[in-house]
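Number of protein chains: 2
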Amino acid sequence: MSPAKIDQLYPSRTRRGVTPATRFATLIGDYGTSDFVMKRGGRLPEVTIAYESWGSLSPNYDNAILIFTGLSPTAHAASNAENPEPGWWEFMIGPGKAIDTDRFYVICVNSLGGCFGSTGPESINPATGKSYGTDFPEVTIEDMAKAGHHLLHELGIDHLHAVVGPSMGGMTALAYALQYPDECDYLISISAATRALPFTIAMRSLQREIIRCDPNWKEGHYHSDEEPLSGMLLARKLGLVSYRAAEEWHQRFDRARVTKERRQGKPFEIEFEVESYLDYNANKFVGNFDANSYLYMSRAMDWFDVADHGGSVNAGLAKIHVNKALIIGVTTDILFPIEQQQEIAEGLIKAGRNVEFVSIDSINGHDAFLVDREHFSPVIADFFSQS
Amino acid sequence: MSPAKIDQLYPSRTRRGVTPATRFATLIGDYGTSDFVMKRGGRLPEVTIAYESWGSLSPNYDNAILIFTGLSPTAHAASNAENPEPGWWEFMIGPGKAIDTDRFYVICVNSLGGCFGSTGPESINPATGKSYGTDFPEVTIEDMAKAGHHLLHELGIDHLHAVVGPSMGGMTALAYALQYPDECDYLISISAATRALPFTIAMRSLQREIIRCDPNWKEGHYHSDEEPLSGMLLARKLGLVSYRAAEEWHQRFDRARVTKERRQGKPFEIEFEVESYLDYNANKFVGNFDANSYLYMSRAMDWFDVADHGGSVNAGLAKIHVNKALIIGVTTDILFPIEQQQEIAEGLIKAGRNVEFVSIDSINGHDAFLVDREHFSPVIADFFSQS
Numbered sequence: 001m002s003p004a005k006i007d008q009l010y011p012s013r014t015r016r017g018v019t020p021a022t023r024f025a026t027l028i029g030d031y032g033t034s035d036f037v038m039k040r041g042g043r044l045p046e047v048t049i050a051y052e053s054w055g056s057l058s059p060n061y062d063n064a065i066l067i068f069t070g071l072s073p074t075a076h077a078a079s080n081a082e083n084p085e086p087g088w089w090e091f092m093i094g095p096g097k098a099i100d101t102d103r104f105y106v107i108c109v110n111s112l113g114g115c116f117g118s119t120g121p122e123s124i125n126p127a128t129g130k131s132y133g134t135d136f137p138e139v140t141i142e143d144m145a146k147a148g149h150h151l152l153h154e155l156g157i158d159h160l161h162a163v164v165g166p167s168m169g170g171m172t173a174l175a176y177a178l179q180y181p182d183e184c185d186y187l188i189s190i191s192a193a194t195r196a197l198p199f200t201i202a203m204r205s206l207q208r209e210i211i212r213c214d215p216n217w218k219e220g221h222y223h224s225d226e227e228p229l230s231g232m233l234l235a236r237k238l239g240l241v242s243y244r245a246a247e248e249w250h251q252r253f254d255r256a257r258v259t260k261e262r263r264q265g266k267p268f269e270i271e272f273e274v275e276s277y278l279d280y281n282a283n284k285f286v287g288n289f290d291a292n293s294y295l296y297m298s299r300a301m302d303w304f305d306v307a308d309h310g311g312s313v314n315a316g317l318a319k320i321h322v323n324k325a326l327i328i329g330v331t332t333d334i335l336f337p338i339e340q341q342q343e344i345a346e347g348l349i350k351a352g353r354n355v356e357f358v359s360i361d362s363i364n365g366h367d368a369f370l371v372d373r374e375h376f377s378p379v380i381a382d383f384f385s386q387s
Numbered sequence: 001m002s003p004a005k006i007d008q009l010y011p012s013r014t015r016r017g018v019t020p021a022t023r024f025a026t027l028i029g030d031y032g033t034s035d036f037v038m039k040r041g042g043r044l045p046e047v048t049i050a051y052e053s054w055g056s057l058s059p060n061y062d063n064a065i066l067i068f069t070g071l072s073p074t075a076h077a078a079s080n081a082e083n084p085e086p087g088w089w090e091f092m093i094g095p096g097k098a099i100d101t102d103r104f105y106v107i108c109v110n111s112l113g114g115c116f117g118s119t120g121p122e123s124i125n126p127a128t129g130k131s132y133g134t135d136f137p138e139v140t141i142e143d144m145a146k147a148g149h150h151l152l153h154e155l156g157i158d159h160l161h162a163v164v165g166p167s168m169g170g171m172t173a174l175a176y177a178l179q180y181p182d183e184c185d186y187l188i189s190i191s192a193a194t195r196a197l198p199f200t201i202a203m204r205s206l207q208r209e210i211i212r213c214d215p216n217w218k219e220g221h222y223h224s225d226e227e228p229l230s231g232m233l234l235a236r237k238l239g240l241v242s243y244r245a246a247e248e249w250h251q252r253f254d255r256a257r258v259t260k261e262r263r264q265g266k267p268f269e270i271e272f273e274v275e276s277y278l279d280y281n282a283n284k285f286v287g288n289f290d291a292n293s294y295l296y297m298s299r300a301m302d303w304f305d306v307a308d309h310g311g312s313v314n315a316g317l318a319k320i321h322v323n324k325a326l327i328i329g330v331t332t333d334i335l336f337p338i339e340q341q342q343e344i345a346e347g348l349i350k351a352g353r354n355v356e357f358v359s360i361d362s363i364n365g366h367d368a369f370l371v372d373r374e375h376f377s378p379v380i381a382d383f384f385s386q387s
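Top line first, the protein sequences correspond to chains A and B.
Mapping the first sequence onto my numbering, position 49 (from 1) lands on 49, and the numbers just tick up by one.
Mapping the second sequence onto my numbering, position 52 (from 1) lands on 52, and the numbers just tick up by one.
The set of hints was computed from the structure by calculation and includes no laboratory data.
Watch out, some of these pointers could steer you wrong.
Pairs involving identical chains hold if they fit within one copy or between any two copies, as the list cannot separate such chains.
[Unchecked claim] Below, computed lysine-lysine pairings styled on BS3-like, alpha-carbon distance capped at 27 angstroms:
1. K130 / K266
2. K39 / K266
3. K350 / K130
4. K319 / K284
5. K284 / K324
6. K260 / K284
7. K324 / K97
8. K319 / K260
9. K260 / K39
10. K284 / K39
11. K284 / K350
12. K324 / K218
13. K218 / K260
14. K319 / K350
15. K266 / K97
16. K266 / K319
17. K97 / K130
18. K218 / K319
19. K319 / K130
20. K260 / K324
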């Protein structure tokens with residue numbers, strides 16, 4: 001796909017997260033049919049999926065690993081020649097690393113519905129010439145998995161060595177293995193869920209409502225220079241609260257105050273370091289992420305339910321036919337708690353699958369896979385060394 | 001104090017939570033001095049404290065129990081002749097109940113800074129004739145305790161049988177016992193803390209920021225008919241998320257959906273029962289609570305630190321000289337976790353106090369004291385039967 005074509009599809013401001021390393025595949029319809037048909041009935045005349053890759057595809061196309069991301073990251077999972085910036089999983093992917101690019105051809109996609117190069121609410125609706133906004137069809141985790149599958153089809157890869165994903169990406173990896181059971185040898189699901197618990201739904205629903213209450217949201221039809229930034233800032237802060245564990249913050253910040261120089265004397269301003277941490281990190285995110293993408297992907301996680309595939313969670317999990325699955329959870333995760341990882345592992349074992357279940361005792365909560373190299377790298381390296 | 005006087009102090013809309021059962025005491029200055037001087041330097045020329053009472057004061061004034069509330073409730077802790085509506089602690093207070101009004105004279109106060117009859121940001125600033133708003137001086141938990149102490153002074157009570165409080169009220173009870181060590185025989189602290197943890201600060205800070213981001217907040221100088229209701233609604237929802245435990249919602253709602261009749265077809269509207277629960281309960285609160293009071297009291301909880309009283313938490317706790325303390329916590333409380341209750345108990349034991357520590361294995365999280373009669377009533381009844 002030529003850069004010119006990309007410019008037509010995305011107005012300049014929407015090429016967030018796109019670098020010289022980003023590749024694009026345009027998927028027209030369902031393997032040759034006219035539209036990309038979505039789980040809840042929506043249709044897209046054209047789908048572009050942005051991705052990055054590392055390593056080389058083997059002559060017989062049998063060494064591909066597909067990675068789905070959580071809600072926030074781009075497809076830039078690791079540095080590469082075209083983009084030497086560290087990726088969001090830099091410690092995990094590379095030559096000699098746990099996901100070894102000397103051995104595997106690794107692909108990471110920006111999910112359908114996202115805003116980092118793949119088709120999403122910010123993309124131009126060919127029918128109107130404007131961004132879809134909330135006219136974008138309802139996206140599900142299954143659609144994200146299907147778009148990843150389409151991408152592989154375009155690349156000529158009809159079988160994966162492994163599908164891998166953390167958080168939302170773990171749900172997508174489950175959906176992938178479920179929908180294409182004979183096209184994948186190994187599965188790694190990290191801090192995911194077969195379906196969200198009500199506490200998690202509440203946390204996400206509240207983030208969505210905060211964004212929707214921003215007067216700039218305008219029912220999803222905001223202009224690019226007037227995005228609902230204050231809603232996004234607050235929603236991201238709430239997200240961050242749910243991604244980390246109370247004990248980590250206790251050890252890290254306790255009740256430390258920001259220095260007087262960093263205060264402006266306004267009523268109810270930031271005073272504790274933990275508030276400053278949230279503000280700093282949320283501000284890094286806001287302006288780089290489309291609010292409607294956030295809404296669509298957040299809701300997709302609430303909707304996802306393995307039980308939709310066969311009537312019960314275990315019936316759904318039984319559709320997964322990988323040689324072996326690695327299911328990882330973190331004991332301090334409040335968003336996708338360890339019991340939910342156990343549920344995935346037990347369901348797969350019940351269905352006769354070969355499963356390795358690893359409960360990681362990390363202080364980093366749901367975000368552990370992003371930061372706790374020490375715990376995560378050996379587990380994944382070990383899994384692939386036996387694959 | 002005459003009703004006419006109250007009308008002068010509070011514009012009609014601000015008499016929230018005030019019923020025929022509400023009594024008022026006007027406290028002029030610090031026991032006869034000119035102003036009510038606050039911990040962080042602020043001064044109030046006049047303080048009114050709203051309270052309710054149950055039972056009869058004994059001839060020698062030795063049977064009084066003072067109850068401080070959490071952030072949200074009024075002084076109407078239980079029904080009485082003037083207001084037969086059930087109170088927020090109806091199962092706990094009454095003839096023959098755990099806090100037995102046949103034996104005790106029970107007083108519950110609306111905290112200083114609140115909006116249910118006591119002086120707070122919504123009260124009229126005598127200097128301007130308008131509500132204080134954010135010109136109200138900074139309120140601390142210690143000031144709330146002091147205002148309660150002033151009230152007892154006005155009532156001629158110089159010694160308490162017990163001071164009791166859950167949540168913010170537990171912090172206030174600790175502050176009371178700390179500041180007036182020889183004026184109180186027993187202490188009951190429920191789901192409180194010697195000082196807030198960063199996770200708890202983050203949750204509260206975010207609620208405050210949500211309110212402040214409501215365009216109607218106007219730096220705290222909003223008009224009575226244009227309050228920041230949408231910010232309050234969202235903040236309350238976030239509060240509710242932190243007051244309950246994930247497992248309770250899992251058992252209660254799981255992934256149940258609201259019926260189609262209750263949906264309006266708007267994008268991203270309520271779909272899961274847990275969202276509907278939050279919406280229903282938050283809406284009951286909003287409009288009945290002053291946004292600035294919420295901000296002031298929420299911040300007071302973040303500021304509270306027993307270590308301010310002697311240099312360390314244990315030095316502070318050692319100032320408490322009650323005959324016996326009952327420290328209650330709930331295993332599923334994520335806001336004031338059980339470890340914090342243990343810290344209070346251990347600090348008091350270290351100081352040589354007689355302490356009963358009760359860890360309640362309730363599914364109701366921080367709110368358990370409001371709803372889990374079965375676990376709470378016997379523990380408190382037993383404590384008082386030995387007092």
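Right, here's what the structure says about each hint:
1. Taking the shortest alpha-carbon separations for K130 and K266, only the inter-copy value of 21 angstroms comes in at or below 27 angstroms, while the best intra-copy value is 40 angstroms.
2. In this homomeric assembly, K39 and K266 come within 27 angstroms of each other (Cα to Cα) only across copies, at 19 angstroms, whereas the closest approach inside a single copy is 49 angstroms.
3. When the C-alpha separation of K350 and K130 is checked against a cutoff of 27 angstroms, the pair qualifies neither within a copy, at 49 angstroms, nor between copies, at 68 angstroms.
4. Neither within a single protomer nor between protomers do K319 and K284 lie at most 27 angstroms apart by alpha-carbon distance, with minima of 40 angstroms and 45 angstroms respectively.
5. With identical chains, the CA atoms of K284 and K324 are never at most 27 angstroms apart, being 38 angstroms at best within one copy and 51 angstroms at best between copies.
6. Taking identical chains as interchangeable, the C-alpha atoms of K260 and K284 lie at most 27 angstroms apart only when both belong to the same chain, with a minimum of 23 angstroms there against 39 angstroms between chains.
7. With identical chains, the CA atoms of K324 and K97 are at most 27 angstroms apart within one copy only, with a shortest distance of 20 angstroms there and 59 angstroms across copies.
8. Taking the shortest Cα distances, K319 and K260 never come within 27 angstroms of each other, neither inside one copy (58 angstroms) nor across copies (31 angstroms).
9. Proximity of K260 to K39 under the C-alpha cut-off of 27 angstroms is restricted to the inter-copy arrangement: shortest distance 20 angstroms between copies versus 53 angstroms within a copy.
10. Taking CA atoms no more than 27 angstroms apart as the test, K284 paired with K39 passes in neither setting, with 33 angstroms inside one copy and 37 angstroms between copies.
11. In this assembly of identical chains, the alpha carbons of K284 and K350 never lie at most 27 angstroms apart, being 43 angstroms within a copy and 46 angstroms across copies at closest.
12. In this homomeric assembly, K324 and K218 never come within 27 angstroms of each other (Cα to Cα): the closest approach is 47 angstroms inside a single copy and 58 angstroms across copies.
13. In this assembly of identical chains, the alpha carbons of K218 and K260 lie at most 27 angstroms apart only when taken from different copies (25 angstroms versus 38 angstroms within one copy).
14. For the identical chains of this complex, K319 and K350 are intra-copy neighbours only, at 12 angstroms inside a copy versus 58 angstroms across copies, given an alpha-carbon limit of 27 angstroms.
15. Within a single copy, K266 and K97 get their C-alpha atoms no closer than 48 angstroms, and across copies no closer than 47 angstroms, so neither meets the 27 angstroms cut-off.
16. Taking the closest pair of Cα atoms, K266 and K319 never come within 27 angstroms of each other, the shortest separation being 57 angstroms inside a single copy and 34 angstroms across copies.
17. Taking CA atoms no more than 27 angstroms apart as the test, K97 paired with K130 passes in neither setting, with 43 angstroms inside one copy and 66 angstroms between copies.
18. For the identical chains of this complex, K218 and K319 are neighbours neither inside a copy (42 angstroms) nor across copies (55 angstroms), given an alpha-carbon limit of 27 angstroms.
19. In this homomeric assembly, K319 and K130 never come within 27 angstroms of each other (Cα to Cα): the closest approach is 40 angstroms inside a single copy and 67 angstroms across copies.
20. Taking the shortest Cα distances, K260 and K324 never come within 27 angstroms of each other, neither inside one copy (55 angstroms) nor across copies (41 angstroms).
Of the numbered hints listed earlier, those contradicted by the structure are 3, 4, 5, 8, 10, 11, 12, 15, 16, 17, 18, 19 and 20.
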